[in-house]
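Student: Here the protein sequences come in this chain order: A and B.
Take the first sequence: its position 44, counting from 1, is numbered 275 in this note's numbering, and each next residue is one higher.
Take the second sequence: its position 1, counting from 1, is numbered 232 in this note's numbering, and each next residue is one higher.
A hint or two may mislead.
Each pair may be met inside one copy or between any two copies, as identical chains are not told apart.
Said to hold, decoys possible - In silico lysine to any residue, SDA-like type, Cα no more than 20 Å apart, as pairs: (1) Lys376 to Gln506; (2) Lys438 to Asn469; (3) Lys516 to Asn471; (4) Lys501 to Pro295; (5) Lys438 to Pro490; (6) Lys319 to Ile264; (7) Lys501 to Arg283; (8) Lys501 to Thr287.
Derived by calculation from the structure, the hints in this document are not laboratory data.
2 protein chains.
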Amino acid sequence: MSVTNQKWILKERPNGLVKKSDFDLIEEEITDIKSGEILVKNSYLSFDPTQRMWLTDLPGYLPPVQIDEVVRAGGVGEVVKSKNDDYKVGDLVMGLVGWQQYCVSSCKPEERLRIVPNIVPMPTLLNVLGTTGITAYYGLIELGKPKKGETVLISGAAGATGSVAAQIAKIHGCKVIGIAGGEKKCGWLKEECGIDHVIDYKNSDVKVELPKIATEGIDIYFDNVGGPLLEDVIWYININARILLCGAISSYTSNDVSPGPMNLFNLIIKRATMQGFLVLDYLPKAENAINDISAWLMEGKLKHIEDIQEGLENCPDTLNRLFTGKNYGKQLLKI
Amino acid sequence: MSVTNQKWILKERPNGLVKKSDFDLIEEEITDIKSGEILVKNSYLSFDPTQRMWLTDLPGYLPPVQIDEVVRAGGVGEVVKSKNDDYKVGDLVMGLVGWQQYCVSSCKPEERLRIVPNIVPMPTLLNVLGTTGITAYYGLIELGKPKKGETVLISGAAGATGSVAAQIAKIHGCKVIGIAGGEKKCGWLKEECGIDHVIDYKNSDVKVELPKIATEGIDIYFDNVGGPLLEDVIWYININARILLCGAISSYTSNDVSPGPMNLFNLIIKRATMQGFLVLDYLPKAENAINDISAWLMEGKLKHIEDIQEGLENCPDTLNRLFTGKNYGKQLLKI
Chain A
232 MSVTNQKWIL KERPNGLVKK SDFDLIEEEI TDIKSGEILV KNSYLSFDPT
282 QRMWLTDLPG YLPPVQIDEV VRAGGVGEVV KSKNDDYKVG DLVMGLVGWQ
332 QYCVSSCKPE ERLRIVPNIV PMPTLLNVLG TTGITAYYGL IELGKPKKGE
382 TVLISGAAGA TGSVAAQIAK IHGCKVIGIA GGEKKCGWLK EECGIDHVID
432 YKNSDVKVEL PKIATEGIDI YFDNVGGPLL EDVIWYININ ARILLCGAIS
482 SYTSNDVSPG PMNLFNLIIK RATMQGFLVL DYLPKAENAI NDISAWLMEG
532 KLKHIEDIQE GLENCPDTLN RLFTGKNYGK QLLKI
Chain B
232 MSVTNQKWIL KERPNGLVKK SDFDLIEEEI TDIKSGEILV KNSYLSFDPT
282 QRMWLTDLPG YLPPVQIDEV VRAGGVGEVV KSKNDDYKVG DLVMGLVGWQ
332 QYCVSSCKPE ERLRIVPNIV PMPTLLNVLG TTGITAYYGL IELGKPKKGE
382 TVLISGAAGA TGSVAAQIAK IHGCKVIGIA GGEKKCGWLK EECGIDHVID
432 YKNSDVKVEL PKIATEGIDI YFDNVGGPLL EDVIWYININ ARILLCGAIS
482 SYTSNDVSPG PMNLFNLIIK RATMQGFLVL DYLPKAENAI NDISAWLMEG
532 KLKHIEDIQE GLENCPDTLN RLFTGKNYGK QLLKI
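With the hints as constraints, model all of the structure from the sequences given.
Tutor: Right, dumping it as structure tokens:
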């Protein structure tokens, strides 16, 4: 069995939004796989802000994608050939499959793909039932410890992670304020997801609106965007507030690093905690999250949307949608 | 019984270091006290960086000292008249007694003075056995959770709180790096307190020295100074690092607020926590701290120095000593 694989490799490190010319779309022949390996035909790719970070040579939680390496990305696919007893042809697998049509995995821990049940739609698997949902779940619940009646602020609230975090906060009886861009996203958050207040950063001044809405202060800030907004929020935190740093999408495509918040002193006055976290640390106990999220999905308490682009050739443009606010829901691409 | 009280009241809000002309040293006659009140003759005043914050009109954890109010400060004194059954003449009391010779306390919760045993020297009571020691104890142990072999970095390490935190970290088996100003302070930390490494910020470039010394990264940063140093430290934190914000002495006399650290993103990569705290929250369980600290003092494991100025007229100059690095040990003033 031989297949022709099309894959995107990194040609040079991008500057700002990615350009097609930062990559090469090349073809390779996969004639056979080695003992212990599996061959996966990718179905859907997941696009996440963190992918943009992997393309830089800055130190991160995973090594930078090297020049000439396939672009790293999560996704889901089907095993089409297996020389590993743990996998059989037809298994659906999820993990870091990359911007390519086929993925050869050594099945070693660092390349391990997880077998997932073939009963829910793949886009849902990659969204609320994947790392996106697990990130929101553990960040909010385990680190944020939301209590009934507390005020939870979420930036990037219409994003894949933000929208799950916002709804989990509602399930915990919190007053939830979301910040999102544009009428469509804000409307969805309010009307479909039942978020209490939504600030449209594209059509209003968050700095002005925030104090009007967060009249009881902010107990939890689930931060997906970083940047100057963090400083604005710190002024309004309550005693024992928890600031959860989940991402900093505002800075991933920027070459100028913006200064940090100059009011960190307020963390002392308010005995507040600012904490960064990564979903990687929670994957070993992902099952707890998935069980709860599945139940909420079935009870209709958790809404989700996937924005599905098509065609491997559109990978670079699809990644950019996350940074221009074009994506409406979890960004995926169907190969 | 009538006494003449001399007291410093705030005349105008200071700008940078305080000037005598920001205050007035006035006299008042205290002819009698009301039922429930006590009259205390102050013996020692404590000078702490936070006092400078109380003189501004910025929102803080205690209300700003108002114009014409006596300057707020901790201290210790002796009850010389009591109309309150909880106190008797001769009791030694500690609390917010102010820059004055005598203090009338209503003994209500917000003005409550704590009776302290008359067996240890008053300067020690105000230093390691007072809020200074309690701050270091709970900040480091309860929030920092130091583990044997971890690297603990402490700024303002020769200061009253910093030096206790540094020694408690040593008691917990950590590798301790202190940052302090000048040969005398650095020598004391190394030779007397047994701190592993000391960086003299007055005679070397911390940015250059830190990576050479913190070769295994930083697990706990006990921050007393804030400002640009925080950004330098964030580059070297380890996974699961804890940054404890205890104070920001570098900014208390500054009119220009310096920008915050632009590398907060590293808190995500390192799953690190940055947490502000105030000793106020730990006073209800101060006894645990005092018991442990007393034992360490008796075992000779905890060194401390007090810098004792004299004369109520020198209050403003004594406060400034904290911000010019002149103080050598806990800053006190004997009235």
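Student: Tell me, please, which holds for Lys501 and Arg283 at an alpha-carbon limit of 20 Å: within, between, both or neither?
Tutor: between (34 Å within a copy, 18 Å between copies)
Student: Could you place Lys438 and Pro490 in one of the four classes (within, between, both, neither) given a Cα distance threshold of 20 Å?
Tutor: Answer is both: 17 Å inside a copy and 18 Å across each meet the 20 Å cutoff.
Student: One pair to classify: Lys516 and Asn471, alpha carbons no more than 20 Å apart. Within, between, both, or neither?
Tutor: between (27 Å within a copy, 18 Å between copies)
Student: Give the relationship of Lys438 and Asn469 under a CA distance limit of 20 Å: within one copy only, between copies only, both, or neither.
Tutor: For Lys438 and Asn469, the Cα distance is within 20 Å only inside one copy (17 Å; across copies 34 Å).
Student: When Cα atoms must be at most 20 Å apart, do Lys376 and Gln506 count as within-copy, between-copy, both, or neither?
Tutor: both (13 Å within a copy, 16 Å between copies)
Student: Are the CA atoms of Lys501 and Pro295 at most 20 Å apart within a copy, between copies, both, or neither?
Tutor: Between copies, since 16 Å is at most 20 Å while 37 Å is not.
Student: At most 20 Å between C-alpha atoms: does Lys501 with Thr287 qualify within a copy, between copies, both, or neither?
Tutor: Between copies only: 17 Å across chains, 36 Å inside a chain, cut-off 20 Å.
Student: Is the C-alpha distance from Lys319 to Ile264 at most 20 Å within one copy, between copies, in both cases, or in neither?
Tutor: within (14 Å within a copy, 88 Å between copies)
The structure agrees with every numbered hint stated previously.
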